[in-house]
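Visitor: These are the residues of each chain, in order.
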Amino acid sequence: SQQGEEDPQALSIQEGENATMNCSYKTSINNLQWYRQNSGRGLVHLILIRSNEREKHSGRLRVTLDTSKKSSSLLITASRAADTASYFCATPPKTSYDKVIFGPGTSLSVIP
Amino acid sequence: DTEVTQTPKHLVMGMTNKKSLKCEQHMGHRAMYWYKQKAKKPPELMFVYSYEKLSINESVPSRFSPECPNSSLLNLHLHALQPEDSALYLCASSLPEGTGTLSYEQYFGPGTRLTVT
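Heads up: the protein sequence lines correspond to chains Z and E, in order.
For the first sequence, position 108 matches number 108 in this note's numbering, and the numbering has no gaps at all.
For the second sequence, position 47 matches number 47 in this note's numbering, and the numbering has no gaps at all.
In short, the hints are calculated from the structure, not lab data.
Glycine included, each C-beta is placed from N, C-alpha and C at the ideal position.
Treat the hints with care, since some could be wrong.
Okay, derived cross-link-like pairs now, BS3-like style, lysine-lysine, Cα gap no bigger than 27 Å in a straight line [what the hints assert, rightly or not]:
(1) E:K9 - Z:K99
(2) E:K36 - Z:K99
(3) E:K41 - E:K9
(4) E:K41 - Z:K99
(5) E:K53 - Z:K99
(6) Z:K70 - Z:K99
(7) Z:K70 - E:K22
(8) Z:K69 - E:K41
(9) Z:K99 - E:K22
(10) E:K38 - E:K18
(11) Z:K26 - E:K38
(12) E:K19 - E:K36
(13) E:K53 - E:K40
(14) Z:K70 - E:K40
(15) E:K40 - Z:K26
(16) E:K18 - Z:K56
(17) E:K19 - E:K40
(18) Z:K70 - E:K19
(19) E:K19 - E:K41
(20) Z:K26 - E:K36
(21) Z:K26 - E:K41
Simulated restraints, written as ranges between beta carbons of each label pair [what the hints assert, rightly or not]:
(22) E:S59 - Z:S68: 42 to 48 Å
(23) E:E52 - Z:S12: 41 to 47 Å
(24) E:Q82 - Z:T20: 22 to 28 Å
(25) E:N70 - Z:K69: 41 to 47 Å
(26) Z:I111 - E:M15: 38 to 44 Å
(27) E:Y51 - Z:K26: 27 to 33 Å
(28) Z:T64 - E:L54: 33 to 39 Å
(29) Z:S68 - E:N17: 39 to 45 Å
(30) Z:R54 - E:I56: 28 to 34 Å
(31) Z:S39 - E:E3: 15 to 21 Å
(32) Z:L75 - E:M15: 45 to 51 Å
(33) Z:K69 - E:T117: 43 to 49 Å
(34) Z:S28 - E:R63: 47 to 53 Å
Using the sequences provided together with the hints, build the complete structure.
Guide: Below, the structure written as structure tokens:
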């Protein structure tokens, strides 16, 4: 079964609005990662949050992690058209750091 | 250099062909990965090499054969593929487990778009 699952599957917002994506996972983790993928391209690592962290910021990105609920959220503030992409959470289980499992992803469209 | 390169960008092959996908990185990463990604789906892990040894094979059919000739190169040899193997094949690299950095983010190449006819 999938380790991470995103919600919503698709999100369409106006430029300047904030976008929030959620991720749930099933097993214990040491860290949770978020990646972005522009259409048909490779993935770009956005941010990694460790299991002992609750919140992390990077530019316009804010990630939260609630290990008691096995969930994480990614907030993109003041969205831009260039943020249009698919966003995936990824969770390597504690038993194997290398076995990164990606959630189904959220497709974000930012309308200019 | 924080780049993972993959060649070719596009590949069309018949079901009887033999071809290879190549991946290269010069970041000193000792873990390298192959993923398969179908349209509108997340990447699915196929293989992991750690210190040039195959550490994970996610029950991939034998028509896919990985090879890691050295710490910078990763190949995926393809033989007798099926049309359903058409997908984007992504290579990635990272610092492997046990390096003590606690930084396991993966760096991805742009992918090879494979079409099997």
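Visitor: Lying within 27 to 33 Å: is that true of the beta-carbon distance Y51 (chain E) to K26 (chain Z)?
Guide: Given about 29 Å between the Cβ atoms, the range holds.
Visitor: Below or equal to 27 Å on CA atoms is what counts here, so check K19 (chain E) against K41 (chain E).
Guide: Roughly 25 Å separates the two Cα atoms, so the pair holds.
Visitor: Assuming the hint says 41 to 47 Å, is it satisfied by the Cβ distance from E52 (chain E) to S12 (chain Z) or not?
Guide: holds, 45 Å
Visitor: Please verify whether K9 (chain E) and K99 (chain Z) have alpha carbons no more than 27 Å apart.
Guide: The given pair, whose Cα atoms are some 25 Å apart, holds under the 27 Å limit.
Visitor: Given the hinted pair K70 (chain Z) and K40 (chain E), is their alpha-carbon gap at most 27 Å?
Guide: holds, 24 Å
Visitor: For the hint 41 to 47 Å, verify it against the beta carbon of N70 (chain E) and that of K69 (chain Z).
Guide: Given about 43 Å between the Cβ atoms, the range holds.
Visitor: For a C-alpha distance cap of 27 Å, please report whether K53 (chain E) and K99 (chain Z) respect it.
Guide: holds, 15 Å
Visitor: Quick one, are K41 (chain E) and K99 (chain Z) close enough, alpha carbons at most 27 Å?
Guide: Since the Cα atoms of K41 (chain E) and K99 (chain Z) sit roughly 18 Å apart, the hinted pair holds (cutoff 27 Å).
Visitor: Is the straight-line distance between the alpha-carbon of K70 (chain Z) and that of K99 (chain Z) 27 Å or less?
Guide: holds, 18 Å
Visitor: Do the beta carbons of S28 (chain Z) and R63 (chain E) sit within 47 to 53 Å of each other?
Guide: Hint violated: Cβ distance 35 Å, outside 47 to 53 Å.
Visitor: That 43 to 49 Å hint for K69 (chain Z) and T117 (chain E) (C-beta), does it hold up?
Guide: holds, 47 Å
Visitor: Evaluate the given range 33 to 39 Å for the C-beta pair formed by T64 (chain Z) and L54 (chain E).
Guide: About 36 Å separates the Cβ atoms of T64 (chain Z) and L54 (chain E), which means 33 to 39 Å holds.
Figure legend: structure checked against the earlier numbered hints; hints not met, in rising order: 7, 13, 16, 18, 22, 24, 29 and 34.
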